[in-house]
Amino acid sequence: MSYTRETLQRRRLTLETSIEALTNELKCLPIAQCLTCEHRGAGDHCIKFNAVPPEHIIATGCDEWEYDGIPF
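Per the numbering used here: the sequence shown = residues 27 to 98.
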């Protein structure tokens, strides 16, 4: 692809703006872990499976992880 100085600057600005927007969106996404799962009960207790998951699952979540979109 061929660029002039002006088209290169416009393309660079477009990409930088896109990167900034996507970075901001990424920061808003929840982390898939037990702490953010809607199945989390008191402490680390999982209501769905009526058990406390192993530490590695608490940190990374499981295939049943769900988020209701409410940040509290």
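Take these hints with a grain of salt, some might be off.
[Said to hold, decoys possible] Pair ranges (Cβ atoms, derived): (1) 69 - 96: 53 to 63 Å; (2) 65 - 41: 37 to 47 Å; (3) 56 - 29: 20 to 30 Å; (4) 70 - 94: 13 to 23 Å; (5) 32 - 90: 49 to 59 Å; (6) 85 - 53: 15 to 25 Å; (7) 89 - 53: 19 to 29 Å; (8) 80 - 31: 29 to 39 Å; (9) 90 - 52: 17 to 27 Å; (10) 44 - 74: 34 to 44 Å; (11) 30 - 56: 22 to 32 Å.
Hints were generated in silico from the structure; no laboratory data involved. Glycine included, every Cβ here is placed at the ideal spot set by N, Cα and C.
- request: Find the hints from earlier in the document that the structure breaks and name them by number, from lowest to highest.
  value: Hint check: 1, 3, 8 and 11 fail, others pass.
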